[in-house]
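Residue numbers (the numbering used here), protein chains in the order written: chain A, 50 to 375; chain B, 50 to 375.
A few of these clues could be false.
It does not matter which identical chain is meant; a pair holds if it fits inside one copy or across any two.
In the BS3-like style, the derived pairs of lysine-lysine whose C-alpha atoms are separated by at most 30 Å in a straight line are [to be verified]:
hint	residue 1	residue 2
1	K88	K355
2	K58	K270
3	K188	K83
4	K285	K355
5	K277	K328
6	K240	K88
7	K66	K83
8	K83	K368
9	K270	K368
Bear in mind the hints are in silico, worked out from the structure with no lab data behind them.
There are 2 protein chains.
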Amino acid sequence: MATSSSTEKLPRVLIVKRPDAMAVLGDGFVASTKFEILKAFESPLPLPEFLAYHSDSISAIIAPVAAPVTADLIRILPNLRLVVTTSAGVDHVDLVECRRRGISVANAGSSFSEDVADTAVGLLIDVFRRISAANRFVKQRFWPVKGDYPLGSKLGRKRIGIVGLGSIGSKVATRLEAFGCQISYSSRNRKPCVPYHYYMDIEEMAATSDALIICCELNEKTLRLINKDVLSALGKRGVIVNVARGAIIDEEEMVRCLREGEIGGAGLDVFEDEPNVPKELFELDNVVFSPHSAFMTLEGLEELGKVVVGNIEAFFSNKPLLTPVL
Amino acid sequence: MATSSSTEKLPRVLIVKRPDAMAVLGDGFVASTKFEILKAFESPLPLPEFLAYHSDSISAIIAPVAAPVTADLIRILPNLRLVVTTSAGVDHVDLVECRRRGISVANAGSSFSEDVADTAVGLLIDVFRRISAANRFVKQRFWPVKGDYPLGSKLGRKRIGIVGLGSIGSKVATRLEAFGCQISYSSRNRKPCVPYHYYMDIEEMAATSDALIICCELNEKTLRLINKDVLSALGKRGVIVNVARGAIIDEEEMVRCLREGEIGGAGLDVFEDEPNVPKELFELDNVVFSPHSAFMTLEGLEELGKVVVGNIEAFFSNKPLLTPVL
Numbered sequence: 050m051a052t053s054s055s056t057e058k059l060p061r062v063l064i065v066k067r068p069d070a071m072a073v074l075g076d077g078f079v080a081s082t083k084f085e086i087l088k089a090f091e092s093p094l095p096l097p098e099f100l101a102y103h104s105d106s107i108s109a110i111i112a113p114v115a116a117p118v119t120a121d122l123i124r125i126l127p128n129l130r131l132v133v134t135t136s137a138g139v140d141h142v143d144l145v146e147c148r149r150r151g152i153s154v155a156n157a158g159s160s161f162s163e164d165v166a167d168t169a170v171g172l173l174i175d176v177f178r179r180i181s182a183a184n185r186f187v188k189q190r191f192w193p194v195k196g197d198y199p200l201g202s203k204l205g206r207k208r209i210g211i212v213g214l215g216s217i218g219s220k221v222a223t224r225l226e227a228f229g230c231q232i233s234y235s236s237r238n239r240k241p242c243v244p245y246h247y248y249m250d251i252e253e254m255a256a257t258s259d260a261l262i263i264c265c266e267l268n269e270k271t272l273r274l275i276n277k278d279v280l281s282a283l284g285k286r287g288v289i290v291n292v293a294r295g296a297i298i299d300e301e302e303m304v305r306c307l308r309e310g311e312i313g314g315a316g317l318d319v320f321e322d323e324p325n326v327p328k329e330l331f332e333l334d335n336v337v338f339s340p341h342s343a344f345m346t347l348e349g350l351e352e353l354g355k356v357v358v359g360n361i362e363a364f365f366s367n368k369p370l371l372t373p374v375l
Numbered sequence: 050m051a052t053s054s055s056t057e058k059l060p061r062v063l064i065v066k067r068p069d070a071m072a073v074l075g076d077g078f079v080a081s082t083k084f085e086i087l088k089a090f091e092s093p094l095p096l097p098e099f100l101a102y103h104s105d106s107i108s109a110i111i112a113p114v115a116a117p118v119t120a121d122l123i124r125i126l127p128n129l130r131l132v133v134t135t136s137a138g139v140d141h142v143d144l145v146e147c148r149r150r151g152i153s154v155a156n157a158g159s160s161f162s163e164d165v166a167d168t169a170v171g172l173l174i175d176v177f178r179r180i181s182a183a184n185r186f187v188k189q190r191f192w193p194v195k196g197d198y199p200l201g202s203k204l205g206r207k208r209i210g211i212v213g214l215g216s217i218g219s220k221v222a223t224r225l226e227a228f229g230c231q232i233s234y235s236s237r238n239r240k241p242c243v244p245y246h247y248y249m250d251i252e253e254m255a256a257t258s259d260a261l262i263i264c265c266e267l268n269e270k271t272l273r274l275i276n277k278d279v280l281s282a283l284g285k286r287g288v289i290v291n292v293a294r295g296a297i298i299d300e301e302e303m304v305r306c307l308r309e310g311e312i313g314g315a316g317l318d319v320f321e322d323e324p325n326v327p328k329e330l331f332e333l334d335n336v337v338f339s340p341h342s343a344f345m346t347l348e349g350l351e352e353l354g355k356v357v358v359g360n361i362e363a364f365f366s367n368k369p370l371l372t373p374v375l
């Protein structure tokens, strides 16, 4: 009985949609003796009824990108005090409403940065050196019958413009320096103590870059930042890599540019309306897709679990959040 | 008449098979006013007759890997004085016979090393992070219908064993250090002033590595160096990347290990019997192929042309070879 009553007092943490990490690692992903998980996605109840039934008991949410924490959701949870995202980005959380209500917010911190940076570089090499295209070429038995190899372009001395030199962007820069690339960056402000050329104007950076790598967060200032003018400045041989958020690029315009050869290629991990991807690009040899999996490694997901659990346990022990946003 | 007679005195340089670089760049690849090219592959004559007809006039050969310079070929060219390969490796040239005849040999030097190193890293990222597999996953419209993403493994902290720390191997090491990998190497001798752990025994290195990257030259000591024991030591999660020569690996054994899950994956640019590749691996998601194109970039081929022409012009001006082998 004692155990049962102490269990009843554990803070209850809502999860609306199963995070990818939980699909891979199972419930062990966020196992803790200090809080209890409420999995809406496993309930036979429709979500509104599930929430109505449990609303008073929910004091925290674990929020994957696919399950936005809207003002509407927040309003029906009177005792909500903490939101922890399973992503670095928090654009799917209504921060204004959270601030108004005094709800704390933590994100995944920089636990993903290395893996995302690795994927960004992997996609860039793939597009410039045509790794996926070469793989298809061999598997389609074109070698050497069809003599025109997928000829790549040298990575060394390429001018790479990094959009957003935060935790991910700076790791992309370090990696690409080792390949002999020339790094420049754009961001809200010039960074002190950074050896790379700074561009205040992103169109100007695009015009002098062989590739742009999008690593910034999505917010009202970066929404469709990569528009027609930027893509046009990037030019026919220019490559774009996006490991940030789909909506930072004007996707419709990018699709047109790729189809009409107005830019040189793309490596895309994120899309405007996931999981819908622009299928009209599937036939293009110079476009490489991944399913928003830049952050997805077994080791990275295990690390993420520790960060999520650590934030929740810290919060309910009145300790500082590990990776606070609000 | 003066022009014609001076033309007749130009050294004649034989090319038996069209180098890939010439297929891409055209004859401009090795254009020079100081020597004349004899393209056997464009002649209507069968090769033996072509050679019999021109044998006395040939004083140099440009030798791609696909056209070995055998003792038999050398014997029918009494005035041959120089062989220039279009590759870094010279295993397709009978060096013993060249030495006996006093024939000079030059290779492509290190003009390819950066591009080959870039491909090695690209293949490694592709296998660990499943870039090609993710691309297929999206294009086959499995996202998110079929929920099991191709989950990758983190590159950081991976223990990478580099087989042969020469021009290519050391560039692979520099690049992978930037990803936070732990580098070790094996080679004939321990290198002075190198910060990486040295293994004299390759099987021991395989046993303590998450991946082996083959960067050494092919010679009698490295032929099938990566045998059953080494592959077995590498183990179920171990990855192998080969950008050197196919015959350094016991290919039949590697194919068996991959099919039976005894090693974790492979990124293969080279094969034992090119252009024949082990097609029984095509269905495996964890194997990435490229058609001996690790060195192939537009910029690299242009650079190669300069090195080949530079060697031939230097030789016939009695100057030192740019990239001498013999």
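Report the numbers of all earlier hints that the structure fails to satisfy, in ascending order. 2, 3, 6 and 9
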